[in-house]
Structures are given as C-alpha cells and as structure tokens.
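S.K.: Whenever a hint applies, use it, and build me the whole structure from the sequences.
Here the protein sequences line up with chains A and B, keeping their order. Counting from 18, one number per residue, gives the positions in the first sequence under our numbering. Counting from 63, one number per residue, gives the positions in the second sequence under our numbering.
If you're looking for bench data, these hints aren't it; they were derived computationally from the structure. Take the hints with a grain of salt, since some may be wrong.
Stated by the list, open to error - Okay, derived cross-link-like pairs now, DSS-like style, lysine-lysine, Cα gap no bigger than 27 Å in a straight line: (1) 225(A) / 136(B); (2) 190(A) / 31(A); (3) 302(B) / 359(B); (4) 129(B) / 220(A); (5) 359(B) / 136(B); (6) 129(B) / 76(B); (7) 128(B) / 225(A); (8) 136(B) / 76(B); (9) 220(A) / 128(B); (10) 359(B) / 76(B); (11) 297(B) / 136(B); (12) 359(B) / 428(B).
Unchecked claim - Have a look at the derived ranges for each label pair, beta carbon to beta carbon: (13) 43(A) / 409(B): 28 to 34 Å; (14) 229(A) / 398(B): 34 to 40 Å; (15) 194(A) / 198(B): 17 to 23 Å.
In this text, a Cβ means the ideal position worked out from N, Cα and C, and glycines have one as well.
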Amino acid sequence: MNQFQQLSWQGLWKNNPAIVQLLGLCPLLAVTMTVINGLGLGLATTLVLIGSNCTVSMVRNLVPNEIRIPIFVMVIAGFVTVVQLLMNAYTFRLYEALGIFIPLIVTNCAIIGRAEAYASKNPVGHAAFDGLMMGLGFTIVLVILGGMRELLGYGTLLSGANLLFGEWANALKITVYETDSPFLIAILPPGAFLGMGLLIALKNALDKRVESWVVKPDTDKVVQRARVTAES
Amino acid sequence: MSFKFTSSPHQRVKRNTGQVMRLVMYAGIPGLAVQTWFFGWGAFIHFLIASVTIIVTEAAILEMRKKNFEVAIKDCSALVTAFLIAVSIPPFAPWWITVIGSIFAIGVVKQLYGGLGFNLFNPAMAAYVLLLISFPVQMSTWAIPQALSQFPQSFADSFSIIFSGFSADGYSIEQLRTHIDGYTMATPLDAVKTAVSQGLTVSESLQTAVFNNGIGVGWFWVNFAYLLGGLLLLKLNVIKWQIPVGVIAGIMGFSLVMYLIDDGIYTSPLFHIFSGGLMLGAFFIATDPVSATTTNKGRIIFGLGIGAWVYIIRTWGGYPDAIAFAVLIMNMGVPLIDYYTRPRTYGHHTEHKNVIKIKQIESSKKDKGA
Chain A
18 MNQFQQLSWQ
28 GLWKNNPAIV
38 QLLGLCPLLA
48 VTMTVINGLG
58 LGLATTLVLI
68 GSNCTVSMVR
78 NLVPNEIRIP
88 IFVMVIAGFV
98 TVVQLLMNAY
108 TFRLYEALGI
118 FIPLIVTNCA
128 IIGRAEAYAS
138 KNPVGHAAFD
148 GLMMGLGFTI
158 VLVILGGMRE
168 LLGYGTLLSG
178 ANLLFGEWAN
188 ALKITVYETD
198 SPFLIAILPP
208 GAFLGMGLLI
218 ALKNALDKRV
228 ESWVVKPDTD
238 KVVQRARVTA
248 ES
Chain B
63 MSFKFTSSPH
73 QRVKRNTGQV
83 MRLVMYAGIP
93 GLAVQTWFFG
103 WGAFIHFLIA
113 SVTIIVTEAA
123 ILEMRKKNFE
133 VAIKDCSALV
143 TAFLIAVSIP
153 PFAPWWITVI
163 GSIFAIGVVK
173 QLYGGLGFNL
183 FNPAMAAYVL
193 LLISFPVQMS
203 TWAIPQALSQ
213 FPQSFADSFS
223 IIFSGFSADG
233 YSIEQLRTHI
243 DGYTMATPLD
253 AVKTAVSQGL
263 TVSESLQTAV
273 FNNGIGVGWF
283 WVNFAYLLGG
293 LLLLKLNVIK
303 WQIPVGVIAG
313 IMGFSLVMYL
323 IDDGIYTSPL
333 FHIFSGGLML
343 GAFFIATDPV
353 SATTTNKGRI
363 IFGLGIGAWV
373 YIIRTWGGYP
383 DAIAFAVLIM
393 NMGVPLIDYY
403 TRPRTYGHHT
413 EHKNVIKIKQ
423 IESSKKDKGA
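M.R.: Next up, the structure:
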C-alpha cells in the first residue's frame with residue numbers, strides 16, 4: 018500500500034475518528050437525529066479538517082514547539098468561523114438546525130488530534146489527504162447513525178434534504194412507514210448512545226470475522242506457559 | 063434438649079434458579095389476580111404476549127451466541143421478566159408495546175450484557191423506562207377500576223382493546239376511561255399531583271371518586287396482594303428482608319417528614335406505600351438477585367435509596383410513578399455500595415480505621431518535623 022492508500026484505509030476504517038478513536042462524540046451524538054443533519058455537520062467538519070491540516074502542515078517548521086497547541090487552536094477556530102459564515106450565507110436553515118454545534122466544531126478533538134498527530138509532522142499534500150479521509154470517515158458514521166435514528170424515530174430517510182441542497186431535493190425524501198406514535202427513544206439522546214454502541218460492536222464483529230478468514234492459524238505447536246496467578 | 067446426630071452430607075442442596083424464579087411467579091399470582099379483578103384482563107393478556115416474545119427472543123439470541131437455550135429457558139428467569147413487564151404497563155396498552163419492551167429487555171438489557179447473572183440493570187424496569195419515554199401517551203393511560211367504569215369489560219373486551227384499540231362493543235379507550243358521571247379519570251397519584259398543582263390541598267384532592275378513605279380505589283388491594291406475596295417470599299427465604307424493609311422505610315421516612323412539615327401539599331406515608339406499584343417494586347423488582355447489592359448492609363442502603371428516589375420523583379418529578387427510575391438509578395450505584403459495605407473477612411482484623419488514624423498521625427508528625 019502506498020502512502021495515500023494507507024491514509025484512506027486508516028481514516029475510513031482502521032482508525033476511524035468516530036467509531037475507533039471515539040473522538041468528537043458530542044456533536045456526533047447530539048446532531049444525528051436525521052441523515053441530513055449528520056451529513057451537514059460531517060461536511061462542515063471535513064472542510065475544517067482539510068483546511069486546518071493544510072495550514073498546520075505549512076507552518077509546521079515555523080511554530081515553536083512550546084506554543085504549538087494554542088496556535089493550532091487559533092487556526093482551527095479561523096476555519097470554523099469561515100465554515101460557519103459560509104453555512105450562514107448559503108444553507109441558512111441547516112445552519113439554524115445545527116445551531117451551536119457548528120461553532121463547537123472548534124472543540125472537536127478529532128481535528129486537533131489530526132493536527133497534532135499527523136499534520137504537524139508531514140508535508141502539505143499528505144496532510145490535506147489525511148484531513149479529507151478522516152473527515153469522510155467521520156461523515157460516514159454520522160450519516161449511518163443519522164439514518165438509523167431517522168428511520169426508527171420518524172420512519173423517513175433524507176427528510177429535510179432541501180435544507181442542504183436546495184428546493185429540488187424535496188423529492189429525495191423517502192417515507193418508509195408512517196406512524197402516529199413514533200419510537201421517540203431513537204430521536205432522544207439515549208437512542209444516539211445505543212445506536213453508537215451497536216455501530217462500534219458491528220465494526221468490531223466485522224473485523225473479527227474478516228480476521229478469521231484472512232489469518233490462517235499457526236500450524237506449529239506453540240508451548241504456552243500456563244498462567245497461574247493474575248500478576249505474573 | 064437433645065442434639066440430633068445425622069450422617070453427612072450436612073449441607074442440603076439449595077434451590078436452583080428455576081425453583082427460585084417459579085416461587086417468585088407463584089407469589090405474584092395474588093397480585094395479578096387482584097389487578098385483573100380491578101382493572102380487567104389486560105395484565106393477564108399482556109403476560110401471555112410478553113412470555114411468548116421473551117422466550118422466542120431469548121432462544122434466538124442464545125442460538126446466535128451458540129449456547130444451550132433449553133437450560134436458560136427452563137430456569138424461568140425470563141418469565142419473571144415477562145411477568146414484571148406485564149403487570150407494570152397499563153392494561154389498555156396496545157400489544158406492540160409489550161412486544162417492543164420484551165425484546166429490548168431480553169435482547170439488549172440482558173443478553174447483550176452477557177445473559178443471566180451479568181446484567182447491570184433490571185431488564186423489566188429498563189424496558190419499562192424505554193417504553194415510557196418512547197410512547198408517553200400509551201404508557202400513561204391507565205385503566206380505571208372496574209367498579210367506577212361506565213362500561214365494565216369482559217375478557218373479550220380486554221383482548222380486543224389490546225389488539226385493535228377498541229373494545230368488543232366498539233368503545234374507545236378514552237370512553238372506557240370515563241367515570242359514570244362522564245369525565246375521564248386519572249390514577250390516584252396523577253389525580254393528587256394535578257390537584258396540588260392547581261392549588262388545592264391534598265385532603266381536597268382526595269374527595270374525588272378515585273379515592274376511598276384517602277387511598278386509591280383498587281390500588282390498596284393491589285398493593286396489599288403484592289405485600290402478601292412478598293411476605294410469602296420472605297417466609298420461604300427466597301428474598302432477604304433488607305431490601306423491602308429499606309424501600310418501605312425510605313419512602314415512609316421521607317414522606318413522614320414532608321407530611322409533618324406541610325400536610326396541605328404532601329401526601330401521607332400510608333398513601334405513598336399503598337399507591338402505584340410500591341409493594342410490587344419493594345418485594346418483586348428491587349430484590350432481583352442479579353442487579354441488586356449483595357451485602358446485607360448494602361441491601362439496606364440500596365432499599366433506602368430506592369424509597370427516597372421514589373418519593374422525590376413522585377413528588378417533584380414529571381412522571382406519575384417512579385419505581386422503574388428509582389431502581390435503575392440505584393442499580394447504577396450497586397458497585398459503589400458493594401465496594402464500601404464489604405463484610406470483614408473471617409480472620410481479618412477490624413482495626414482498619416485505627417491503622418489509618420495512626421498513619422495520619424505519623425504523617426502529620428513528619429510534616430511538623432519538616
């Protein structure tokens with residue numbers, strides 16, 4: 018695998034910021050009531066990640082090591098402000114629906130984590146690609162979780178797509194079933210935690226299943242020391 | 063006085079899980095019967111629905127986990143969960159409420175945590191809370207006592223309401239909940255709460271038809287029946303006395319203090335212990351051997367905590383009854399309670415506290431010296 022394939026694999030699956038690193042859980046759990054909310058926040062986070070990763074990577078040789086964290090936070094805050102103003106201008110109703118969680122992207126640990134762990138040590142091209150892949154990994158989880166909750170809670174999918182894509186997108190809304198008594202827990206915060214737990218479990222189960230197919234068990238006999246105490 | 067000499071073994075085999083769980087179910091029969099007498103066949107039908115769902119769910123999940131499901135089903139622990147779900151949800155609730163609750167109780171709360179013996183929370187109560195916050199409308203429409211109802215219901219009526227929403231004669235749930243005088247009636251706990259919030263005193267609110275001598279019609283007998291069943295369980299040594307006594311003492315103590323402070327706003331201790339599902343909660347729900355504490359001192363604290371939470375949520379909370387929330391909150395505290403109430407191991411000293419004191423004195427001496 019070359020560097021870019023490696024980065025994609027890490028960001029989308031193996032080191033996914035949402036379901037492996039468990040970073041940025043606050044917006045993840047709070048806004049994923051519908052697919053579109055999740056997609057909107059995911060795209061905003063991705064834009065911020067790409068921008069901050071590029072900038073941090075560009076200035077990485079100029080920033081004194083001692084004060085790098087405040088500088089990274091300033092850079093991230095700058096990009097969040099840009100994204101916030103853009104959303105305010107072009108997708109105003111989605112901006113209103115997401116509310117406080119757009120400014121709160123600043124505090125999303127996934128972003129500062131990538132700036133610190135990857136962008137501050139690698140060239141611009143790689144850092145930007147890493148930002149894109151991590152952002153996409155985060156967005157995919159947001160969309161899946163949003164889909165699960167919207168389907169159970171409201172019985173629809175992609176409702177409110179017009180908030181993000183304009184009026185033509187009203188046609189995208191799929192009504193799976195209609196009910197007088199929606200399954201409220203899916204929309205309430207506990208539903209987010211339950212759904213998130215199930216997603217993580219599903220990912221781990223898939224990994225284990227794939228591992229059992231790929232890795233062949235060692236045929237050599239390995240003598241294992243019997244463990245008799247907890248400490249040794 | 064003479065000592066009996068018998069040959070070994072001296073220790074008799076204790077009851078297995080299945081026997082304990084079946085005893086709990088038998089002890090619940092009087093309560094279920096009284097509930098059926100006052101509120102119609104709903105609880106009984108819900109019990110049938112819940113049993114079938116729970117057994118199918120448990121068998122399916124154990125099959126997926128590649129475990130032997132016959133053993134697990136024969137121990138009847140799942141049936142106790144079904145019983146608790148059935149008697150706590152409203153008799154008029156539609157059938158899918160029970161099905162969703164049962165699947166959640168067994169699938170998520172019990173089996174995802176590792177099956178019987180590993181669940182942190184009481185499955186029936188977690189399912190009840192899930193249903194209450196998901197479907198508040200269906201979960202808060204309790205039936206009114208048969209004696210006060212305009213339209214008495216038969217078994218066919220109850221069956222028809224649960225599966226179609228209308229009784230066999232075509233009456234809706236709202237019509238069935240109306241009094242002979244034609245107004246919709248609330249449960250006793252709801253009635254008092256609403257009246258107090260409208261500025262009436264408690265004694266004024268107790269004048270309406272749902273009350274008889276200050277306690278809800280029917281509810282006294284329901285609680286009394288569960289109390290009898292619970293005492294039977296105590297007598298048979300299936301449950302320990304600490305938890306039920308703790309729960310009752312907790313709610314009585316709390317409500318007595320508040321009642322003495324202001325009996326215009328706060329209801330009497332007797333009203334509290336004979337309202338809602340308190341006796342069911344104290345003897346059948348809080349005593350769940352898996353999710354409750356395991357030490358004797360801890361059981362008292364656990365019980366007192368449940369009693370206090372029930373009173374707090376009933377009086378100042380937004381929900382009519384609070385057994386489920388109280389039990390879940392105290393379930394969360396169980397590891398902590400167990401940690402701090404560990405009994406002294408035989409042969410170990412009790413001077414633990416003195417040792418700490420001596421260490422403190424020594425360290426303070428060192429500080430002074432430095």
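S.K.: Now, for every hint given, state plainly whether the structure supports it.
M.R.: These are the hints, each one checked on the structure:
no.	hint	result
1	225(A) / 136(B)	violated (32 Å)
2	190(A) / 31(A)	violated (32 Å)
3	302(B) / 359(B)	holds (12 Å)
4	129(B) / 220(A)	holds (23 Å)
5	359(B) / 136(B)	violated (32 Å)
6	129(B) / 76(B)	holds (25 Å)
7	128(B) / 225(A)	holds (17 Å)
8	136(B) / 76(B)	holds (17 Å)
9	220(A) / 128(B)	holds (20 Å)
10	359(B) / 76(B)	holds (23 Å)
11	297(B) / 136(B)	holds (24 Å)
12	359(B) / 428(B)	violated (37 Å)
13	43(A) / 409(B): 28 to 34 Å	violated (50 Å)
14	229(A) / 398(B): 34 to 40 Å	holds (39 Å)
15	194(A) / 198(B): 17 to 23 Å	holds (20 Å)
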